[in-house]
Amino acid sequence: MSCSHPIDPNILGDYWLAELPEAEERALEEHLFACGECSRQLQAVVQLGQGIRTLSQQGNLPLIVTQDFLDRLTRQGFRTREYTVPAGGRVECTVTPQDDFLIGRMVANLRGVQRLDLAMCEPSGEERLRLRDIPFRADSTEVILNYPVGPARQSGPDLLVMKLLAVTGQNERLLGEYTFNHTPS
Amino acid sequence: MAPRIRLYGLRHLRDEQAAADLVQQVLLITIQSVRAGKVRDPEKIESFVLGTCRMTVLEIRRGSARRERLLDQFYMPPVSESPAPLPDLDQLAGCLARLAERERSVVVMTFYQEQSSEAVAGALGLSNENIRVIRHRALGRLRKCMTGGSV
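Protein chains in written order, with my numbering: chain A, 1 to 185; chain B, 1 to 151.
Honestly, the hints are just simulated from the structure, not real lab data. Backbone N, C-alpha and C define an ideal beta-carbon position, used for all residues, glycine too. Some hints could be false.
Said to hold, decoys possible - Stretch by stretch, here's where chain B covers chain A in the computed footprint (C-beta under 8 Å, at least three residues):
{"hint": "1", "region": "45 to 51"}
{"hint": "2", "region": "62 to 70"}
Said to hold, decoys possible - Just some of the chain A residues that point at chain B, by a computed CB distance under 8 Å:
{"hint": "3", "residue": "G13"}
{"hint": "4", "residue": "W16"}
{"hint": "5", "residue": "A18"}
{"hint": "6", "residue": "E19"}
{"hint": "7", "residue": "L20"}
{"hint": "8", "residue": "F33"}
{"hint": "9", "residue": "A34"}
{"hint": "10", "residue": "T54"}
{"hint": "11", "residue": "L55"}
Please put together the full structure from these sequences, using the hints given.
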């Protein structure tokens, strides 16, 4: 039987994350227990979240992360391999079968930056990939990138230049260039 | 009812085993109550089950030993309510890759440990409301992508 008052999946997501006011939460639970369709919708929201969590744990999503996120991984027993590079710096890097996550820390002054892009480039300057409008804290002194660990494990020697770019309208300003010289383990 | 009780348990206890235990315990109490004629209106069994879930979760949080007592009194085989299957992970990875960077960071940081908007907002230097808007938009796009629509 179809539901006469289907719940917005975003509300179900808010419920799952405990972000509804208590009265609203209780009313929603009454509905969920009486409505198979909305209960299945909630199950779909939960499954989507579980899928995202599983993929995150595999370390294969290119992703800007935070120190708090890395601390949680470490507490859960995941092994992270980290490389910190100053602006204009270069690092020799690798990844081993024991590493769960491959992290690049790029040191930068982000004060006054409105929009930040991260470009992954060939040594020639040609862009392989650009992460646009990445999240950052203006008071932070670094950008932390989770680089997909699976492709890195399978990669041969590779020289990758990352560029942090402050973007304002049509203009962009180079904040720093970071060279990662990868060799297989 | 078991899947709904399990979801309730996962939502409030955040633990698969605890949710499975809740299913067993609530069904046991419900069966007992029906047999004893304590459920006056069978049409409203869902409300009874929800009320029992709420009470039981409160008791679990208080560290009650009620479950053990009930299981001692009335043996009931474990309810085999296995976790629902994950979505197609390759497809989901493709859909995540098509999100904007902020959206991807927000949904991953949110669902990796089911963090509140407040926690994610603090980490990313955005407002709670901004995080909720980004999350809603991202989940909408993921749902659409996973059902075959474009992001």
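Restraint: F33 (chain A) near chain B, CB-CB cut 8 Å. Satisfied or not? 4 Å, holds
Could you check if T54 (chain A) really has its C-beta closer than 8 Å to a C-beta on chain B? Since chain B brings a Cβ to about 6 Å from T54 (chain A), closer than 8 Å, the hint holds.
Do the numbers back the hint for A18 (chain A), that is, is its least Cβ distance to chain B under 8 Å? 7 Å, holds
Does A34 (chain A) hold up as a contact with chain B if the rule is Cβ-Cβ below 8 Å? For A34 (chain A), the interface hint holds, since the closest Cβ of chain B sits about 5 Å away, which is under 8 Å.
Tell me if the interface restraint on L55 (chain A) is satisfied: Cβ within less than 8 Å of some Cβ in chain B. 6 Å, holds
Can the region 45 to 51 of chain A be counted as covered by chain B under the rule of three residues or more with Cβ-Cβ separation shorter than 8 Å? holds (count 7)
Going by Cβ atoms only, is E19 (chain A) closer than 8 Å to chain B? 6 Å, holds
Hint status (Cβ of L20 (chain A) to nearest Cβ of chain B, threshold 8 Å): 11 Å, violated
Does the interface hint hold: is W16 (chain A) within less than 8 Å of chain B, judged Cβ to Cβ? 6 Å, holds
The region 62 to 70 of chain A covered by chain B? Criterion: 3 or more residues, Cβ-Cβ distance below 8 Å. holds (count 7)
Let's test the interface hint: is any C-beta of chain B closer than 8 Å to that of G13 (chain A)? 6 Å, holds
Checked against the numbered hints listed earlier, the structure breaks hint 7 alone; every other hint is satisfied.
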